[in-house]
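Residue numbers (this note's numbering), protein chains in the order written: chain A, 3 to 306; chain B, 2 to 215; chain C, 775 to 1267.
Hints were generated in silico from the structure; no laboratory data involved.
Every residue, glycine too, gets a C-beta built ideally from N, C-alpha and C.
Hints should not be assumed to be uniformly reliable.
[Unchecked claim] So, partial list: chain B residues that the calculated Cβ filter (under 10 Å) puts toward chain A:
hint : residue
1    : Thr8
2    : Ala19
3    : Leu99
4    : Ala106
5    : Val125
6    : Ile142
7    : Ser143
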Amino acid sequence: MPAPGSLVLPLCALILAPLLLGIVNRTKAVIAGRHGPPLLQPYWDIAKSLRRGAVYGEVTTWLLRLGPVGGLAALAAALLVMPFGGVGAPVSFSGDIIVLVGLLALGRFATVLAALDTGSSFEGMGASREVHFSALAEPALLLALATLARVTGSFALTPVYQAVAIGAWADALPTFALVGMTLLVILLVENTRIPVDDPTTHLELTMIHEVMVLDHSGPDFGLIQYAAALKVWILGALLAGLVVPVRSGSVWLDGAAMLVGMVLLAGVIGMIESAMARYRLVHVPQFIVGAATLSAVAFIIRLV
Amino acid sequence: MSPLIETIHAVGLLTCFALLATSRIGACIRWLSFQGILFGMVPLIVHDDGLTARAMLLAGGNIALKGIVFPWLLLGLRARADFNREVQPFVSFVMSILCGILILALSVWLTQEMKPALAKAPFVMLDSSIFLIFIGLFLMISRRNALMQVIGFLVLENGIFVFGVITVVGTPLLVELGVLLDAFVGVFVMGIAIYHITREFGSMDVDRLTELRG
Amino acid sequence: MYASQSIIAALALPLSGALFCLVLPRSHHVLKTIVGVSAVELLLALNIWAAVLGPKGFVTAADQWFYIDAFSSFHIVVLTLVFALSSAFASIYFTHEADDLVFTTSIARRFGVLWLGAQTAMLLVLMSNNLGIMWVGMEATTLLTAFLISLHPSRLSLEAMWKYLIICSVGIAFAFMGTLLAAASIQSDGGIGADALFWTKLASAEAHLDPTLMKFAFVFVLVGYGTKAGLAPIHSWLPDAHSQAPAPVSAMFSGFLLNTALYCIMRFATPVRQALGQDFASGLLIVFGTLSILVAAGFIVFQRDAKRLLAYHSVEHMGIITLGYALGPLGSFAALFHTLNHSVCKSLAFFAVGRLGQRYGSHEMHTIAGALRADRLWGVSLLISLLALIGVAPFSIFMSEYQLLRAAIGAGAWLTLFLFLAASAVVFVSALRHMINMVFGTASRHDRGGRDGKLAVPIVVAAAGLLIVLGVWMPLPFYHALSSAAAVLAVRP
């Protein structure tokens, strides 16, 4: 049962988000035959960054300082409307689907502005790529969520995800399958995982997201790392909420099922990252548009 | 039976989009083969009287021809002609996909127009058939390679086949098999034509066939 | 008498002739076979025509699977006439090619098989009662005639063949879609069974056809068969195919294949008119007809190749015939008369251009000059046929176009009338200019000379004679035949 007004869910998200990144990295390492970093490594990385001092370039303005803070703030606000499968979000109103996408866009906007503010060509290149791909991914995300809204008959995220039970799946199997595939692709795109961007690359010319934050250091960088983890959590919750149709009514059962789903999702991301290579940049738009098509097809099928 | 029909519909739509977006001819041929087998199953499930001998003959014939024989012929053609294995489209892949979405909307609208008159036909199959016809036409227009034009023609034939199966119940087998005959002989003839063209021109690039103008 | 047997014989004869051509040892044997078969076919067709014009009004065979009424028997006679003329011309044309060692035995055999096979398929289209079989016949003609275009494989002829194959295959697929829709529409009446697609059933007053489905069916059929008929804007294969194919093949295309496709469209038009009233079908036919005339007129102005010029004339005349069919009974009469006139005239024109092209080595109009002086026979026939094509009196095309104008005035189609006259004027001027350059003027240096076989004079005399005679006198039996054919297309109350 949703507990509107309760902040327990966002707090759990805030605490558990970096764990997902840890699971992803561990999965990749295990598949590669290594032991890999500890599961809690992202926490230590963020803590390490927070303890350091920051260095700011001489040409930068307040935009650079605003970037990480703005990004984190937007994502934290998005947590307020984000349901966790059967567990309701603290804030729910009709149209909060658009609010979610808008907050994600706001966070991206802050980061991009900060990147452009540095005046460096590397960041500029990263910013342009980031915006290029989001211009394609955002309609895809909206289409996917719109299809879900159409199927479940509501415009608020919490009721939408409440309705995705086993019965709904049996009813609309092709539609949900297609939307799920789209959400997976968007997850990979927005969080700059392979096959869109390689998070472990050290070659600036091949980076998209990593290169935007080259000039951030110290606490700013820690905030950025933390915001990235939150983004994985949010988009992962969108997908896991769809794929795990456990709606028993009990908060603990639903929440536990979702947690299992999120962990499995992180494992799947790790497996995808290990199995695929990064696409050439010219093929990425095709990839994203292909995902958007899946949702468009699901939407049009449902129209009739 | 309805979820099965809907799944065939959804996957069929996806095969069309895959054909619009694939850049290698061999992959296109394999998508075509998959599509042929998928829609070949329609006669078996779409009518209430189920697995009649006629339905099985139609389904078997279509699966054999469109799923196995034609792709084999097309792959043979591709192997014989030594040329660029990439599809060269007039319309870029992303634009093709977007056009495909527009065509999907158009076909849904057309289906809604036609549906009242065709009470017994499942809506989604009607939509699939019209969509296949238009996508086949679009593929023929927007691709430069002669082999891709033949593939587009076969997609068109798939659409007509599905349409025939779901709307025409009583007329004799003769006419429905006419589609398969048409496709078979058509592909044969086109294959021979492509062979001659490749021998003469050295490529299957239809864009080079531009000397006759006015 | 023996009308039903004539039907079966008329189908079996060219089919067996085609198979026979596969084993003939020499190219001139093939040519002789073709001429012989066509002559017999013409006699059989006249026999059937006489039977149809008798009291019963139609002839059937094979349990109503073949059904020939006044409309189809007229077309069958025109078909066999054009085939006979073209086969005779082919024997002259290819004999000259054989002299140049271009017409080898294997090419001759291929020509014989495809030629007679195409004739069988076209007869099947015209004789069949079942609209599905009609479609199968049209499909067969597409596939057979494609290889006739590229009889001598070259870059240009292969290009023309490929374009023809692709465009017409799509057209045939659309036509099949239309046939399916027609079958679905009669089904909604509960009429299922083996004879559901019989035209006799569809066109009878008792058939309750679903209007929406018939609407869609007619659109698909018009676009589909219209591709094969050379109606604009789907005519783009026509100029290429006509200009690259050998002259007898071009004559057959213009003389008969286009008309066969129009025949198929009109077979569908009757049930559509029954179900939806006059306006829908006529409106669409007027649009396509007028568009064809206008487009053709535009392209005729700047043509440089003689055969392409004739091809665009075909588009124009097909547009005129389509227009005629849309303008009521008087218009249908004019259209049918025009069918005969155009087929004969266009065949003669292609014969002349083909033979002159052989003499001069090219079909470009600036190469063919002074034809009248160089070759008396074919120069005169070029003169006569081109004059007739642009509608000069006293040739028969003038008469049929005049009757069409009367029908248009009678139907009150003023805009159509105006556009038709404007386009005709443009065509008149430009084609006349082209003709004067080709027929008069100093004889070209490229002339290669050569004498024609003994069939040449009879061909020209027969064709030109028909054009002149029908231009001044319409025999009463012929008038009755055309009226009954036009009556078939009218809506039964």
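Hint check, Ala106(B) versus chain A [nearest Cβ-Cβ separation less than 10 Å]: The hint holds - Ala106(B) has a Cβ within 10 Å of chain A, the shortest such distance being about 6 Å.
Status of the Ala19(B) interface restraint (C-beta, 10 Å, chain A): Holds, because the Cβ-Cβ distance from Ala19(B) to chain A comes to roughly 9 Å (cut-off 10 Å).
Supplied contact hint for Ser143(B), tested at 10 Å Cβ to chain A: 16 Å, violated
Interface hint outcome for Ile142(B) [beta carbon to chain A under 10 Å]: 20 Å, violated
Hint status (Cβ of Thr8(B) to nearest Cβ of chain A, threshold 10 Å): 5 Å, holds
Interface hint for Val125(B), Cβ within 10 Å of any Cβ on chain A: With a minimum Cβ separation of about 7 Å from chain A (threshold 10 Å), the hint on Val125(B) holds.
Interface restraint verdict for Leu99(B) against chain A (beta-carbon cut-off 10 Å): 7 Å, holds
In this structure, the hints that do not hold are numbers 6, 7, in rising order.
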